[in-house]
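S.K.: Assemble the complex: chain A is given as a structure, and chain B must be docked to it using the hints.
So the sequences go chain by chain: A and B.
Per the numbering used here, the first sequence runs over residues 343 to 580.
Per the numbering used here, the second sequence runs over residues 1349 to 1706.
Think of the hints as simulated: they come from the structure by calculation, not from any bench.
Any given hint could turn out to be false.
Stated by the list, open to error - To list a few chain B residues with every Cβ distance to chain A over 12 Å, as calculated:
1) G1425
2) A1438
3) W1498
4) Q1505
5) L1521
6) L1524
7) P1549
8) L1627
9) S1635
10) L1636
11) L1659
12) P1677
Said to hold, decoys possible - Straight-line alpha carbon distances no greater than 16 Å define the calculated EDC-like cross-link-like pairs of lysine to aspartate or glutamate that follow:
13) K378(A) / E1573(B)
14) K420(A) / E501(A)
15) K460(A) / D490(A)
16) K458(A) / D438(A)
17) K474(A) / D1471(B)
18) K531(A) / D407(A)
19) K553(A) / E1572(B)
20) K480(A) / D1471(B)
21) K580(A) / E1572(B)
22) K544(A) / D366(A)
23) K553(A) / E1573(B)
24) K378(A) / E1572(B)
25) K544(A) / D570(A)
26) K544(A) / E564(A)
As the structure is a prediction and not an experimental result, all values here were calculated from the model.
Quick reminder that beta carbons are idealized off the backbone N, C-alpha and C, glycines included.
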Amino acid sequence: MRRHHVLLSAIGLAACLPALSAADLTGKVVLKGTPKAELTIDMSADPKCGALHDKPVTTRHYVVDKDGGLANVLVFIKSGLAEKNFAAPSGTPVLDQVGCEYSPYVMGVQTHQKFKIKNSDPTLHNVHATPKPGSENKEFNMAQPVKDMTTEKSFPSPETAVRFKCDVHPWMFAYVGVFDHPFYAVTGKDGTFKISGLPKGKYTVEAYHVKTHGANPGVTQEITVDGDAKADFTIELK
Amino acid sequence: MSPARHHPWLHRFAVLTAAAAWVVICFGGLVTSHGAGLAVPDWPNTYGYNLFFFPISKWVGGIFYEHTHRLVASGVGLLTTVLAIWLWRAESRAWLRWLGVAAFVGVVLQGVIGGLRVILLRDHLGVFHGALAQLFFVLVCGIALFTSRWWREQLPQTQKVEDRGGLRRLALLTTLLVFGQLLLGATMRHRHAGLAIPDFPAAYGRLWPGIDAASVARYNQQREESTAVNPIAGFDVVLQMAHRLGACFIALGVGLCSRVARHGLAPGHSLIRASSAWLVLVVLQFSLGAATVWTGKSADLATAHVAVGSLVLALGGLLTVSGFQLLQPPAIARNPTLSCELTPFRSDSPPAAASHRA
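Extracted from the complex, chain A is given alone in its bound form (with noise of 0.2 Å):
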């Protein structure tokens, strides 16, 4: 009977193992240069949106705190994952259309992960989703004519930033990093990131945003994990 139980013991710790070892791996990302002005949005074009706000709206292409932190910046592990499938996580997020713009502004999922896309807007919009030509992943435009309007979506292949758009608002964009794995992380307003529960190993770290890096990779960082780790980023401007 002791002998079974100091069995079941050892068994129990060697499947806990892995999640003691998980790591945090944080950081922060930086922009140096100096980001053109963001341009006002004139949403005259449907009066339901400019009642919705009573302050002029900006474009959110650069969202830099005043330390240089650079918000809306994806940051995940982009080599050097042993495991290969990850079970699709069961939360689903939502991209909210409220005030006639994308909320949030980037957001990321990781593949076959259902998440929501929701109207909270008294007006109608289009919800289009523009993944890369000859991605896998499939473009769609659908109606949300009604308040509270929800769809499900998923997307089964990895991508970093799928564009969505409403045709409407021509001024409405926002972008969905898809990835295969839950390592992952969305800057927030002071640019740092937490990516949680990453196993020992080495990894290549990659820091995209949208607007700087357009069609091309972001910026790289090697990493160590063992235990907790830092990684900062500097995104510059030419």
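M.R.: Below, chain B without anything else, positioned relative to chain A:
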């Protein structure tokens, strides 16, 4: 079939249809200029409503341009159907009756292609839709010309003049060049990459811009946009440069046509007036193109550029067809014994092969 005679109201209706076709090109131009081609995700309905019952209160943003384009296009479809039926019943010239049928087929095809572009999400169908619209416009303008009193009654009485300067071929070649230019323009617009080159007449400050990866990355990084345009690719820069070069060749061609007409024809000849009008349109078109760049691709100016472009094509087509009727090759003038009358599109008889008489 009614005996050969001029039908003034048929002609006026043809002019109305041609004018309406131009208006729908303008509305279509507005759709693309405002990036609203997919603002209505369904077809033939509009957000689930029947096209004609979509509430006006919902004609907002891009929907306004796309929905009004569909409504006006439906009107053109109706006008073209009536025109085709009227031509079939009243027109004695068989070839013109069949042109009416071709116009009907063309407008139906336009509607279907426009709808499929929305349903299938295919940008290349948008290019085809834009190109076919131009050809359709030229066709209905031609029908308006062929049903005119001038074409039916005055033209056959007019003595053919020697085409010493090769005006007929020059006009034809330049018109074909204009169509090629329109295809380039349609391709540029339907790549939805916005303004690929932000300055004119220079291109990124140079005679020929760089199209290497680093240069293109810099163009995208430095570009300011408030709408969801696609990233500029090297191909977009090349397209824009080809379009600029095409404009120069067209200006040269139209200028030569005007010069040849003025030097080779008697003052007051209709071809002189037509080629002069063509030159004025091309100068206007060139200016609109430049202004489109200088204003960062203002939607209204870009649309005006599309609209005037279609007039340049149509006038070139009409000038070419008229030229082949009013002018004859120089060899015939030098050798009257080889008189060779080509009588297509002039009488009630079907298009005839040349009949030679000694």
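S.K.: Could you check that no beta carbon of chain A comes within 12 Å of the beta carbon of L1627(B)?
M.R.: holds, 36 Å
S.K.: For K553(A) and E1573(B), compute the direct alpha-carbon distance and say whether it is at most 16 Å.
M.R.: Since the Cα atoms of K553(A) and E1573(B) sit roughly 10 Å apart, the hinted pair holds (cutoff 16 Å).
S.K.: Given the hint that K480(A) pairs with D1471(B), test it: the Cα-Cα distance must not exceed 16 Å.
M.R.: Roughly 15 Å between the alpha carbons, so the hint for K480(A) and D1471(B) holds.
S.K.: Hey, does S1635(B) actually stay past 12 Å from chain A on C-beta?
M.R.: holds, 26 Å
S.K.: Taking the closest pair, is the beta carbon of L1521(B) still more than 12 Å from chain A?
M.R.: holds, 35 Å
S.K.: For the pair we were handed, K580(A) and E1572(B), check the Cα-Cα distance against 16 Å.
M.R.: holds, 15 Å
S.K.: Does K544(A) pair with D570(A) here, judged by a C-alpha cut-off of 16 Å?
M.R.: It holds: about 13 Å lies between the C-alpha atoms, which stays within 16 Å.
S.K.: Compare the distance between the alpha carbons of K458(A) and D438(A) with 16 Å, and conclude whether the hinted pair is satisfied.
M.R.: holds, 8 Å
S.K.: Just checking, P1549(B) versus chain A, shortest CB gap more than 12 Å?
M.R.: The claim holds: P1549(B) sits with its nearest Cβ about 24 Å from chain A, beyond 12 Å.
S.K.: Below or equal to 16 Å on CA atoms is what counts here, so check K544(A) against E564(A).
M.R.: holds, 7 Å
S.K.: Beyond 12 Å from every chain A Cβ: check whether that's true for G1425(B).
M.R.: holds, 24 Å
S.K.: Has the given pair, K420(A) with E501(A), been kept, meaning a C-alpha gap of at most 16 Å?
M.R.: It holds: about 11 Å lies between the C-alpha atoms, which stays within 16 Å.
The structure meets every hint from the earlier list without exception.
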